Amino acid sequence: MSGQRLLIVDNDRAFLKEHQVALESAFEVEVVGSPDTAMQRLESGAFAFALICVEIADNRGYALCASIRRSAKLGAIKVGLISAKATEDEYKRHQGLKGRADLYLMKPVAPVALVEALRPLVPPRGVDPDNPLGDLADDGDLSSDLGGDWLGDLKTDLAQDAIGSAPQTVGGTVAISQDQIQAALASMPLPSAPAPGIRDTAPPHSIKPDMSQAEIAHLKEEIQAKDAKLRETEEALAQLQRQLNSVTVNLDELERRGKEADALQAKLKEAQAALAKAEESGDAESLRQQLKDAITERSTLIQQADQLNQQLSEKTTRTIDLLRERDKLQTQAIEIPGLQARAETAEAEAAKHKSDSAQLSKSLEEMSTKHQDLETRHTKAAAELAEHKDRASQLKEEVTGLEATVRGQGRQLAQIQDALTDAETKLKAAEEKAAKTADSLKAAEETKASLAKDVEKAMREADALRKELEEAKATHNQERKELMSGLDAKEAELSRHKDQLKAAQDANAAHEKDKQGLQGQLSDRGDRLKALAALMEELGEKLRQGGGLAKE
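In terms of this note's numbering, the sequence shown opens at residue 52 and continues consecutively.
Hints in this document: simulated from the structure, not taken from any laboratory. Just to be clear, a hint being listed does not mean it is correct.
Derived DEER-like restraints, expressed as beta-carbon distance ranges [said to hold, decoys possible]:
# : residue 1 : residue 2 : range
1 : K549      : Q529      : 28 to 38 Å
2 : D313      : E365      : 20 to 30 Å
3 : A485      : D109      : 26 to 36 Å
4 : Q264      : L172      : 34 to 44 Å
5 : K508      : G577      : 27 to 37 Å
6 : Q91       : L478      : 54 to 64 Å
Straight-line distance between alpha carbons at most 27 Å, and here's what the computed DSS-like set of lysine-lysine pairs gives [said to hold, decoys possible]:
#  : residue 1 : residue 2
7  : K68       : K158
8  : K564      : K524
9  : K405      : K271
10 : K593      : K499
11 : K366      : K413
12 : K564      : K553
13 : K549      : K524
14 : K564      : K549
15 : K318      : K280
16 : K405      : K508
Predicted model only: the values in this text are computed from it and were never measured. Positions of the beta carbon are idealized from the N, C-alpha and C atoms, including for glycine.
Full structure from sequences and hints, please.
Rendered as structure tokens:
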């Protein structure tokens with residue numbers, strides 16, 4: 052079974068303040084400011100319709116609508132979306148989705164138009180003529196917090212003023228003046244807090260220490276139910292206040308009509324006096340016609356006053372009936388036993404509701420002072436809406452141009468993508484070439500290392516050869532010295548032999564033989580020197596090659 056209430060999911064205070072009175076007069080309304088709280092409240096089953104602001108909680112309105120549609124438990128709840136920024140195209144796209152809403156609205160919207168749009172989807176506020184405040188079953192300790200004593204005294208004084216005071220009669224109908232009602236309201240004491248002794252007295256069914264969790268949960272459910280009934284009572288009181296306001300307006304109108312009737316009576320007396328004078332002076336006929344017109348106007352005003360008095364009498368009777376019903380319901384509420392913990396919680400809630408009621412009264416006063424500005428604001432909003440529509444058409448044209456620009460940029464992007472692909476191919480080839488170059492460098496490094504080893508080895512060999520050359524030079528020098536010394540000795544000996552040549556031919560032949568042997572040795576030494584010179588040249592060539600490799 053679906054609920055009967057309207058849940059508004061919006062945190063736009065200006066919008067809520069503007070539409071509060073109209074919505075609450077037509078439906079049972081509750082307002083939440085976040086999607087999570089909205090889901091919790093909808094799952095309670097007390098709601099028939101949810102009006103969701105698209106911009107709630109960073110544009111989570113669409114997501115909340117989809118969540119409600121996906122929930123099998125919330126299948127019977129109707130959903131409406133309202134937005135100050137969404138476009139018609141955006142709404143059309145959303146209507147094509149599976150989780151679409153039942154109603155789409157745009158801000159700003161007039162309160163009357165909003166109520167008319169919601170009326171086919173939201174059950175109206177129900178008011179029982181015999182019991183307008185509903186079936187209240189509140190805690191007895193809350194009667195004084197809700198102003199029961201004050202309303203009872205007000206009802207008694209109003210009845211006494213209507214019956215015991217000297218009433219003013221207009222056309223045979225009893226009328227209670229506005230001054231009498233205001234005097235009765237001023238003389239009534241304000242509602243006071245209950246006596247401390249009442250709060251300290253434990254009810255018959257107070258919580259026991261060994262109470263089970265199920266009983267505690269049941270008590271919490273009862274407290275929640277009574278909180279809901281308390282809210283319904285406050286709504287009924289608000290409706291009663293609106294009815295009293297309408298009675299006050301009628302009283303003002305009646306007072307104005309009474310003043311007009313008194314003025315007409317004074318004019319009638321003046322006309323009668325003028326008629327008497329006119330009869331004496333001969334102008335009686337024209338004055339008699341004026342008198343008839345005045346009497347006709349007076350009769351019309353008296354009829355209007357009778358109608359207003361009749362309406363006032365009915366509304367006064369209705370007010371007294373409502374007050375009696377209120378007193379009856381509060382008397383019944385006193386008989387209901389409550390729990391101490393629940394009473395304290397309800398007391399805090401009542402104080403909160405009292406504060407909220409004061410704020411609501413203040414808001415209503417502000418709304419009444421700003422009522423005349425609403426039409427001007429509405430006209431201004433309509434003009435702004437027309438401007439926004441023009442701006443929207445301009446933006447659509449700009450979007451079309453931007454789309455063409457985006458397509459051109461897309462083509463440029465494709466060309467850039469092709470160029471990037473070519474560049475990547477070239478980069479890949481360059482990387483492969485670099486890898487090959489790295490391999491070549493590695494091989495060159497290995498070759499260089501090998502050549503360095505060869506150079507080092509050649510240097511060692513050169514050092515060894517240099518040492519051998521030095522040793523050979525030393526040996527050659529030593530042998531040369533020995534040879535030179537031998538040659539010198541031989542030359543000296545040859546000189547001596549030359550001197551003795553003639554004397555000793557036989558000895559010369561022997562010496563010639565020895566000379567030939569020495570010349571053979573000298574030839575061997577010369578060949579050996581040539582071999583050493585060739586070796587030195589070869590060593591010098593190797594040294595030059597090693598120096599060139601070292602430079603490379």
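Taking the hints in turn, this is what the structure says about them:
1. With their beta carbons about 29 Å apart, K549 and Q529 fall inside the hinted range of 28 to 38 Å.
2. Checked against the hint of 20 to 30 Å, the C-beta distance between D313 and E365 comes to roughly 25 Å, which is consistent with it.
3. Between A485 and D109 the beta carbon distance is about 52 Å. The supplied range of 26 to 36 Å is therefore violated.
4. Look at Q264 against L172: about 40 Å separates their beta carbons, and that is inside 34 to 44 Å.
5. Here the CB-CB span from K508 to G577 is close to 33 Å, well matched to the stated 27 to 37 Å.
6. For Q91 and L478, the Cβ-Cβ distance of about 59 Å falls inside the hinted range of 54 to 64 Å, so the restraint holds.
7. Taking the CA atoms of K68 and K158, the gap is near 14 Å; set against the 27 Å cutoff, the hint holds.
8. Of the supplied pair hints, the one linking K564 and K524 is violated, its CA atoms being roughly 31 Å apart against a limit of 27 Å.
9. About 22 Å separates the Cα atoms of K405 and K271, which keeps this hinted pair within 27 Å; it holds.
10. Distance restraint check for K593 and K499: the Cα-Cα separation of roughly 18 Å lies within the 27 Å cut-off, and the hinted pair is therefore satisfied.
11. Proposed proximity of K366 and K413 is supported: the alpha carbons are some 25 Å apart, at most 27 Å.
12. Among the hinted pairs, K564 with K553 is consistent with the structure: their alpha-carbon atoms are about 17 Å apart, no more than 27 Å.
13. About 35 Å separates the Cα atoms of K549 and K524, which puts this hinted pair outside 27 Å; it is violated.
14. Restraint check: the Cα-Cα separation between K564 and K549 comes to about 15 Å, which is no more than 27 Å; the hinted pair holds.
15. Our distance criterion of 27 Å between C-alpha atoms is broken by K318 and K280, whose separation comes to about 57 Å.
16. Taking the CA atoms of K405 and K508, the gap is near 109 Å; set against the 27 Å cutoff, the hint is violated.
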